[in-house]
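There are 2 protein chains.
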Amino acid sequence: MHLQCPMPKFDFDIITLGHGSGGLLTNKLLDTGVFDILKNETLDKRHDGAILNVEGPIAFSTDSFVISPTFFPGGDIGELAVNGTVNDVAMCGAIPKYLSLSFILEEGLPMTEFWDILVSIKYACEKAGVQVVTGDTKVVERGSGDKIFINTTGIGSMHPKANISIERIQAGDKIIVSHQIATHGMAILSVRKGLEFETTIQSDTTHLNDVVISLVEHFGADIKLLRDPTRGGLASTLNEIARDTQLGISLDNELIPINSQVAAACEILGLDPLYTANEGVFIAIVKPDSADAIVAEMRQFEKCSHAAIIGTVTEDYAGKVLTTNALGGKRVVSMQIGEQLPRIC
Amino acid sequence: MHLQCPMPKFDFDIITLGHGSGGLLTNKLLDTGVFDILKNETLDKRHDGAILNVEGPIAFSTDSFVISPTFFPGGDIGELAVNGTVNDVAMCGAIPKYLSLSFILEEGLPMTEFWDILVSIKYACEKAGVQVVTGDTKVVERGSGDKIFINTTGIGSMHPKANISIERIQAGDKIIVSHQIATHGMAILSVRKGLEFETTIQSDTTHLNDVVISLVEHFGADIKLLRDPTRGGLASTLNEIARDTQLGISLDNELIPINSQVAAACEILGLDPLYTANEGVFIAIVKPDSADAIVAEMRQFEKCSHAAIIGTVTEDYAGKVLTTNALGGKRVVSMQIGEQLPRIC
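Protein chains in written order, with my numbering: chain A, 3 to 347; chain B, 3 to 347.
Keep in mind that a hint or two might mislead.
The list cannot tell twin chains apart, which means a pair is met if one copy fits it or any two copies do.
[As the list claims (entries may be wrong)] Simulated pairs of lysine-lysine, DSBU-like, Cα-Cα distance not exceeding 35 Å: (1) 289 x 163; (2) 163 x 41; (3) 11 x 129; (4) 163 x 47; (5) 41 x 99; (6) 163 x 305; (7) 129 x 99; (8) 305 x 332; (9) 322 x 47; (10) 99 x 47.
If you're looking for bench data, these hints aren't it; they were derived computationally from the structure.
Modelling step: build the complete structure from the supplied sequences, incorporating the hints.
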């Protein structure tokens with residue numbers, strides 16, 4: 003990627019407080035860096051805000067990214083920040099269109115790292131088909147931040163065939179997971195200071211809007227809810243749904259897809275993959291008749307090649323999530339208490 | 003304000019890493035705190051994103067706030083974060099409607115401080131007539147942040163009578179400033195560690211959308227550009243305009259309104275008020291015939307009671323900003339180099 007985007011000459015090798023001043027250095031950083039690499043018609047206007055034409059109702063979602071380390075196996079904070087918000091907008095049943103991009107940089111961040119992150123943002127936006135149209139850059143003194151934090155906020159136009167609403171969920175609906183779980187969390191953990199272990203596990207960060215749009219096109223209202231189980235993992239997301247619907251969720255543990263290397267790493271470290279973060283996975287709660295066809299459609303996409311029906315919504319166990327293991331034993335999966343892996347996204 | 007919003011009972015006195023886990027503690031903090039105090043129909047749905055109906059073209063703007071100290075004379079980071087983005091949206095000629103709200107909290111932040119900031123956000127939203135409709139909360143370890151950083155991103159609907167565009171500016175247009183300058187910067191500086199000095203200067207943070215809407219209603223296309231000169235002050239904003247229009251800007255130094263206490267503080271500290279940050283001030287570049295009437299309309303608002311015409315757009319000095327002093331001497335006012343006051347917003 004770097005070959006295609008050589009770093010321009012900046013006056014400084016590192017980010018300084020002056021780059022957040024709103025004055026000359028901020029302008030130089032933006033002119034030579036941000037505006038040039040991310041350029042598009044709206045951003046070029048350089049107003050404090052962007053003027054957009056979006057038809058019909060819109061979806062609007064925000065996320066701040068504080069992941070550590072900034073560069074990790076399979077991605078970096080820039081790519082994650084684009085994909086994360088693109089996916090949150092997509093989970094509303096919307097087509098992501100525009101992003102805002104706001105940096106909080108720590109004084110001393112090497113300019114080369116900032117550049118690599120910008121390049122990564124550029125390519126992630128191209129892949130997901132979205133544009134950065136407005137932004138902000140702040141700099142804090144050494145020790146008041148940690149290299150780089152990024153906020154992205156996204157706007158999408160609602161897909162006319164989408165009818166995503168938690169209130170539509172009823173007993174009998176099927177729960178589908180789009181791919182193998184726990185990959186992102188284990189990829190990050192494998193490079194955490196003090197915990198480094200050898201593995202080839204790569205983060206699953208990716209944009210999911212293409213899959214979601216295809217599903218909504220083909221199955222419309224049969225898709226009742228979409229969620230991406232990032233922080234807190236599958237368990238926390240399903241618990242939120244059980245709580246908000248006051249229905250039960252029954253999972254078959256054997257059906258939940260997981261990469262064998264990820265499963266082994268979880269076991270060694272004593273972590274439950276149900277609570278481990280995902281970035282390129284979503285769950286769909288769907289009308290039972292269409293569940294098999296929806297899984298087949300998902301599997302058309304390489305990034306969803308392990309899609310599977312993993313459970314059912316039930317009248318029993320209202321507000322709870324239960325898993326059944328291979329021997330038929332049931333256990334309640336509660337919401338995550340405390341923090342397994344801080345700064346995972 | 004606190005009397006009206008007593009703090010609920012939280013399990014912890016401080017923010018812990020678990021509050022950013024996406025699990026139980028995050029949910030408790032949101033249920034008891036954020037969702038309850040900021041509640042509205044859209045936020046109550048608790049999806050990852052909000053579904054909004056906004057008519058016509060929209061304005062979209064983002065800002066991250068890292069101000070230090072968090073609580074300062076005349077306001078706090080919560081109020082600032084609402085007003086700052088509301089004003090950026092308003093400067094597009096739009097009516098601000100919806101905000102996203104994203105926190106990056108440092109482990110150890112006292113829960114009482116977080117609550118005070120939430121209350122402040124609530125009241126600032128009410129005053130500005132906007133709703134928080136979606137959000138995010140992350141927590142970083144002690145020493146990787148500084149108490150609290152806030153990103154707000156705003157959406158507004160374009161006012162049908164607005165025609166704000168830098169391309170419409172021409173020689174002869176008048177430059178109006180809405181109120182006394184440099185107040186925010188000096189209020190913050192007066193409480194900075196190592197610099198504390200006794201003063202009654204209060205930040206001018208306020209929402210300006212009411213003034214802007216009134217002006218656009220009455221003067222429509224006669225208003226060619228609106229900008230709020232925050233970081234970098236009046237000088238940096240006017241330099242950006244001179245650069246982007248390739249016209250000159252001629253200011254009469256004697257006409258720029260400034261509070262006498264603020265002016266004295268700037269003089270003692272050797273700071274130029276033209277580079278000092280504002281929060282409750284905007285500049286308008288307007289058709290010359292309407293300039294006096296626009297100033298009169300602004301002055302109807304207490305927060306714009308010192309509105310004044312401070313200069314003219316010229317063919318001369320293309321790309322530059324000049325001031326004339328009382329003796330007729332001219333000097334070039336360049337864009338701010340380096341950083342006068344880090345973390346001013």
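When the structure is checked against the list of hints, which entries are broken? Sort them ascending. none
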